[in-house]
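K.L.:
In the order they appear, the protein sequences are chains A and B. Take the first sequence: its letters are residues -10 to 470, numbered as in this note's numbering. Take the second sequence: its letters are residues 299 to 551, numbered as in this note's numbering.
Wrong hints could be hidden among the right ones.
Said to hold, decoys possible - Calculated cross-link-like contacts (lysine-lysine; reagent style DSS-like; alpha-carbon spacing at most 27 Å):
1) B/Lys517 x A/Lys66
2) B/Lys300 x A/Lys170
3) A/Lys170 x A/Lys293
Said to hold, decoys possible - Over 10 Å on every C-beta distance to chain A, these chain B residues come out as not near it, computed from the model:
4) Ala353
5) Met367
6) Asp421
7) Gly465
To be verified - Among chain A residues calculated to face chain B with C-beta under 8 Å, some are:
8) Val53
9) Leu79
10) Leu82
11) Pro161
12) Asn361
No lab work stands behind these hints, which were simulated from the structure alone. Just so it is clear, the structure is predicted and the values come from calculations on it, not from any experiment. Beta carbons: idealized from backbone N, C-alpha and C, even for Gly.
So the chains spell out like this:
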Amino acid sequence: MKLLNPGHLIDGFEVQACLHAGGMAHIYQVVYAPSEDGTHRAAEFPMAMKIPRMTAGDGAENIVSFEVELQILSVLKGPHVPRFVAAGDLSRLPYLVMEYVEAQTLQHWLDRRQTLAVSEMAALGAAMARAAHSLHQQNVCHLDLKPANVLIRADGSAVLLDFGLSCHAQFPDLLAEELRKAVGSPVWISPEQVVGVRGDPRSDVFAIGVMLYELATGELPFGEPATAAGLRQRLWMDPPPLRKHRPDLPEWLQEVVLRCLAPVAADRYPSAAHLAFDLTHPSQVKVTERGRQTEGTGFWTHFKRWVRASGMAYRPSPVPVQQIEQVPIIMVAVPHHDVSDATLYSLREAVARSLGIRPGARLACVTVISPNLTSSTEADKGETQVHRWHLSRLQQWAQPLDLGGHQTSFHVLESGDVAQALLRYAEGNHVNMVILGAATHGVQMQRVVATVPIKVAMEASCTVILVKQSLPFERLAEVAA
Amino acid sequence: MKLALISDIHANLQALQACLTHARQQGVDQWAFLGDLVGYGADPTAVLDEVMDLAAQGAWVLRGNHDEMALHPPGASNAEATLGSQGAQWTHGQLTAGHRAFLTDLPLTLSQDGLLLVHASADRPDTWRYVDGESAAGRCLDQALAQQQGPHVLVGHVHHQALYYRGTGRHLMKFDPTPGLPMPTPVHRPMVASVGSCGQPRDGSPRAMYAIYDRRAQKMVFHRVPYNHLDAAAAIRRAGLPEFFAQRLELGR
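In isolation and in its complexed conformation, chain B is listed as follows (with noise of 0.2 Å):
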């Protein structure tokens, strides 16, 4: 099995498309998105369009924070609406029954052979935790191995690329990997793999990120894939959300 995992896409179609297309190229045969399909970006509609397509065909989908709010938008007149709310309101009205249907039926996490899938953290998902440490990492995978499952797992949520691996000692230890290349992950050692986001990338590069799964292999790649930013930055503005948005894209921060 070869699995795509693309996480935190944030309605981000231009994004998606190109991730999607480069995974094709690799020989990807199973499909997982971690969450966060929209919020922030301009195409909600199209991408879970995109997305129901693949879940038809048997791809794995779970739900993420910025999906259940925009099931559920805070109050308009709420007077500490944040950005990401507002977004979440325009979302909301854009979002079909057969959308929200979709949304609302995402389970939370999902385990298979090995695997544990999730938006957040293992460690009370449903709290969306940012794995973002060592530390956090470790309460993670510590989490997941209590409930039997793992010891992989696949994460979401912070916007960045990153390897949590156990080595001989007995804490889990950072690790930066090198885009495009295959780095070892065999079944017995655990780790905590935070994916990336396509649809917007946080590391000051605005290259969508995935990363792929290889089971036979044993092996894992983290992938950066251009595409084109300036057209989902326009599409932004163009349905007047905020330039913030935008300005994200442009500057990948």
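Bound-form chain A, shown alone (with noise of 0.2 Å):
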């Protein structure tokens, strides 16, 4: 479709200025179209019209990618999307109206990358998991994550735009077909997509990676392949180290990165959710060998991978929210006084239970201390103290968990509120499941107010486990006598 002008009418909506003209795409900033008596219906919120361009001679996939884009935003929720507003008739005349969002694009932090704090960085990283794991938990995955779909609101969120190449579980996928091709830009596309899966989440993981390793280092973690067996190389290959290009790049940050890279789906973050977590609270990252070597994986290391990696073919995946409901992140909240070993023992043992059944379940394990704890002693070197002690209270007390292959973090929150305190932290981590003591935290108060575990079970949106203690421990002997 060639470009319209200004004043241009479509079904009810007033083009105005054109914001893009891609090569697939037009895009308008459009306004209700004035009624009959000459007024203006106001907007919600401001608008863009996307029209694809079309022309006699345009290959089937984009139109195809058009209408995969428009039934996935049209049932797409949350605010890390575009809001939907209206679509026209694909065979009649295709657009598609959503909500125009001021924001920047990620390039734009990648144009200023020389001045960007590790922190900031972080900050991006955290915003775009958690956008991408919003998506997830809707049964969509983006599958074309890259810096021109990225946009940062001014408050550090994420909304992820073109879901023309994405994939939602619960619908016929239009891209997918017989012949497996590899759908993507071949500078994001995770391993996985390049033999023909879509609908892994963890290919959003290693696009967020990507984007990670070049705002870090300015360099492309796999440079621009234009072949398909450049393509295929990050099906063995592990991208240079970060610190490799620069050394003052701390070693948890490149933990994370190459993390998110690792070839194989199984060694990624198991859930953008995990990404985010890590990305939030670097001094909990377990630094490996990874996250320290300044070289690049040796030669046969990687000529082993390649051997392996010439008989990988396509795999059905599982449904997203089916694959990361596998690796929730449990938050146990653990009191600090008033609280019986029996409690701290039932605890444990539900932990344990959930942790048991879930191999790939990461563990929060949160206290939270009352503010004037730490501020009516003396200042920092106090507060530093009093923190310490907390923090080796709760490894004491997750000592004798089995927690071998479970990622594992312990945090003191500092609050007045205790039940807001946990609700917020689960609600900021994705948190999908938090374990409490049923009668812990104010017990005393129970039949006056609602208390901490019954605020927590009611106002929580995961699942909220309330742990009875077992017998107390000194009650035990009277049982046995």
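Using the hints, put the two chains back together into the complex; each one sits in its own frame.
P.N.:
So, in structure tokens, the structure goes:
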């Protein structure tokens, strides 16, 4: 379709300035068309109209990916996608009207990456990971994450654009086909997409890894491959460590980014929420050889992987929601006063049970302390000491747990409102399950006001397990007698 | 138009009523019964009365192989009599002249505004071929398109729910729908939908199957509806029909 002039009317919308004339589509700012009495209906938010550029010579892929975007954007919800407004009939007049989000694309940060602090890179990565996780929770994989498709709002949150190559696990996938072609953008495409797998949330984790790699080093981890063989390279190759380009980068950041870029999806973060967790808790990242190395993976390792990868072919992946529910983030609230050993024991048993059935789960052990515990004592020194004391208490509590394979972290939160602090933490970290004692955190008040466990259970958006304490230890003797 | 597609009721009154109630709650304004109204189940006359009632009000009704068998049951003395044909004998005995006349007049296919409805396959409907895979669905679609019908073909007969669609490739691909979740089915994109069985599900869940095709929204949703399948099984036993028919409803197999 040729460029439209401002004032052009389409199905109740009035076209204004052209915002973007890309190879695939024109994007215009639009408002509601004036009604018969000349008044303009005010829109709730600025709107943009996307019209695919289709001429007789265009391949089917252009229109199919527009159809995919229309199907998926119209059902997506939440703050990490532009709000859907309307769509035109595909066979008559294809267009898509959506919220126009005032924000910068990630490219803006890539252009000024020299001035970025590590904490800013981590914040950008966490914002992208949270946005991707919100799609995965709706059974959608984006599969074409790249700087041009990521907007960062002034408040730091991310909005994802362009769902033309996305995959909704509960819709027929129009882009799947017998030939299992690679569908994606060569720089950011994941290894499994190269062999035709569509629908693995960890493919989006990979793409976020590529963007973080470029943010941190200015280099592309796998270059810009132009051939099929070049694309297949990422099936076996580790990119050079980030610290080879920039030795001043912290080991934890390299650990995180290289984990995103692992050739085999199972070696990456199991969900985008796990990635966001590490990016927001750098001190809790467990640094391995991967984070420390400054030289690339050796020839023989690559050679062995290359041999294995030559046989790598398409394999269907499970539905995103099922896949990310296999790897929950479990949070346990460990009280630090008014608590019996029996309660602490029961909490630990409950955590062990939950971890036992979910080998990929990650555990966050949290305790909430009152702010005056630290502020009343002498300033900074006192604060770190109090924190340290509580951290080591948490670690001792977790000691008997078999945490092999489970990423575990320990957090001391400061708040006067325990329930609120737990809820906010669970929300902010995409926690899937909260485990806390049923009669801890204010047992004496139970009859008067809603206690902490009741408040958490009622207001949390995830599953909450309230643990009853097993028989108090002192009574075990009586039973035995 | 919001079209309810109900197939393979198999004389299961409890399942039919549950689906009708469910569909009415969804705002359905057109009914289509894709054949096999009778056979296996214990309530052929009550089911036919219900369907004939709706047909009088404009519902579309097609003939299936079991309807044909009930009209012309294989001889009882036949040594090769199968369980199905034993049931057909019994059903035949239940039907009144009015029921038989209704079944006799039913068409095998119905084509309307881009939709083709058929009990088995559009590929020679009178031979009752099963649309049970991508290639069978492909042959079904090819036949429909060759006769300028479709591009949406809606079928029953196989007792499983599935959607066969065409993406960027040439061949149809199978998709397992999530019950209750509307899927886009744009009018320009060819597909064959197997709506499943209302009265004798065979995928391991006893819940009744049917589907709703929403032409305006260009969406289709496959439904699973719980119903009193134990009552339906008990009725089969009371009627003295083969025990296997009753067990099937209890297990959904």
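K.L.:
Hint by hint, which ones does the structure fall short of?
P.N.:
2, 7, 10, 12
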